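Enquirer: Sequence:
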Amino acid sequence: MQKIGFSGTLDPITNGHMWVIGEARSLADEVIVFLSQNPAKKPQFPAEDRKRIIEQSARECGWDNVQVVIVKGDYTARAAKKHGCDYLIRGIRTTADFDYENLIQQTNVDVLQGAKTIFVMPPRDLGSVSSSFVKALEGPVGWNWTMKKFVPGPAYQAWILDCLRKEWQALWPYAGASGEQIALFDHWFAHLTGPEAYGGAERHYHNLDHLVHGLSEIRVWADNTYASAHHSALLKKAFWFHDAVYSHDEDALYSSEEASAQLWLGSGLDADDSQEVAQLIRATDHFQGPAIVHPLKDVMLSADLAILGQDEEVYRAYTQAIVREYAHVEPAHFNHQRALALQHLCAKAQAGQLFGDAYFASQYNERAIENMQCEIVALAGKHIA
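Residue numbers for the sequence shown follow my numbering, so the first one is 27 and each next one is one higher.
Quick caveat, the hints were computed from the structure, so don't treat them as lab data. Just so we're clear, the structure is a prediction, and the values are computed from it rather than from any experiment. All residues carry an ideal CB built from backbone N, CA and C; glycine is no exception. It is possible that some hints are incorrect.
Claimed, not checked - For lysine-lysine, the following DSSO-like pairs were computed, each having C-alpha atoms within a straight-line distance of at most 30 Å:
hint	residue 1	residue 2
1	K108	K174
2	K77	K175
3	K108	K175
4	K161	K174
5	K192	K29
6	K108	K67
7	K68	K175
Stated by the list, open to error - Quick list of the computed label-pair ranges, beta carbon to beta carbon:
hint	residue 1	residue 2	range
8	A203	L279	29 to 39 Å
9	D337	D249	17 to 27 Å
10	G294	D249	44 to 54 Å
My request is simple: use the sequences and hints to build the entire structure.
Expert: See below:
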């Protein structure tokens with residue numbers, strides 16, 4: 027078979043969709059993904075963005091025989107015929123899927139004289155993965171790590187950037203702002219999510235995932251403790267900037283935290299709360315932190331340390347990211363220093379002092395002790411080996 031088509035809204039494209047495209051590649055020399063632009067639907071991403079995400083996802087897989095076509099004002103089956111595809115391929119997950127797709131298939135062929143349909147059944151672990159399923163994951167703490175399991179990398183990256191943009195826009199007075207102010211807001215969003223900050227390629231832990239997680243923790247903390255909107259905003263502003271500068275340069279003039287505080291102070295974003303936010307950023311500095319006095323300090327530190335109390339799978343991914351982030355350190359020295367740090371933190375957790383905020387302590391303290399003790403044992407095993 028020379029060409030085969032695959033169609034859908036693909037908002038976002040999932041690993042289930044990618045599996046179907048992979049099956050299509052085994053049947054034909056060329057696969058054309060027909061991206062539906064349905065004016066009745068309100069997708070998360072515009073068609074051009076979805077096209078780019080699909081193309082990037084195909085390239086990541088090394089697929090050079092997949093192209094993407096946006097279908098406007100035409101039926102997909104008819105568009106497929108026009109592009110030389112006699113067949114479309116569809117994934118079937120349930121009997122209900124089959125009944126629906128069979129009806130569409132009959133309409134495509136009998137009414138539209140379009141391409142016929144080949145049905146394939148995805149493996150069990152992808153059987154329930156759909157765009158609507160993935161969309162429903164967003165919201166609770168840790169949603170981003172769950173979503174990562176079900177979508178290709180480019181789709182995940184686009185999704186969390188979209189989520190972060192909404193978070194950012196809600197933090198600043200875009201409505202009624204001047205063009206100059208909007209440009210300032212947009213500049214700092216691009217900087218913080220870009221390669222010079224959390225979006226940097228060398229950022230394996232202090233990255234966009236960390237940013238999404240911390241902001242989610244602060245939002246859920248505020249919801250559960252009935253915190254004021256002002257306190258929530260202070261914490262979010264500080265979290266956006268607290269790891270904006272992250273350097274291993276021991277000869278740097280400032281610590282990374284102080285450099286991040288200085289970046290915030292020079293941003294021009296918030297004159298009224300600038301000093302309070304800077305103090306919350308400095309609270310995360312091992313050297314300055316103990317001397318900082320602020321009513322939200324414990325919440326800021328707890329949100330930053332909440333990763334220690336996540337479930338086993340997330341914690342394992344975190345430890346692997348930390349190893350990659352410190353790849354410049356000789357492994358034996360890293361393992362020794364890491365074990366010492368964990369022992370210190372574990373002792374604080376056992377004394378009830380790791381999470382200074384009561385809400386975070388109730389959520390994460392017990393699990394954090396378990397996670398750290400397991401990692402300490404694993405590090406000891408590496409030392410013996």
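Enquirer: Mind checking the hinted window 44 to 54 Å against the Cβ distance between G294 and D249?
Expert: Given a distance of about 30 Å, which is not inside 44 to 54 Å, the answer is violated.
Enquirer: Within 30 Å, alpha carbon to alpha carbon, are K161 and K174?
Expert: holds, 12 Å
Enquirer: Decide if the proposed pair is consistent with the structure: K192 and K29, CA atoms, cutoff 30 Å inclusive.
Expert: violated, 40 Å
Enquirer: Do the Cβ positions of D337 and D249 conform to the proposed distance bound of 17 to 27 Å?
Expert: holds, 21 Å
Enquirer: What's the verdict on K68 and K175, does the C-alpha distance respect the 30 Å limit or exceed it?
Expert: holds, 24 Å
Enquirer: Next pair to validate is K108 with K175; report whether the Cα-Cα distance is within 30 Å.
Expert: violated, 36 Å
Enquirer: Does K174 sit within 30 Å of K108, going by the straight-line distance between their CA atoms?
Expert: violated, 36 Å
Enquirer: So if I understand the rule, the pair passes when the alpha-carbon distance is 30 Å or less; does K108 with K67 pass?
Expert: Roughly 24 Å between the alpha carbons, so the hint for K108 and K67 holds.
Enquirer: Starting from the range 29 to 39 Å, see whether the pair A203 and L279 falls in it by beta-carbon distance.
Expert: holds, 34 Å
Enquirer: Does K77 pair with K175 here, judged by a C-alpha cut-off of 30 Å?
Expert: holds, 21 Å
In this structure, the earlier hints numbered 1, 3, 5, 10 are contradicted, and the remaining ones agree with it.
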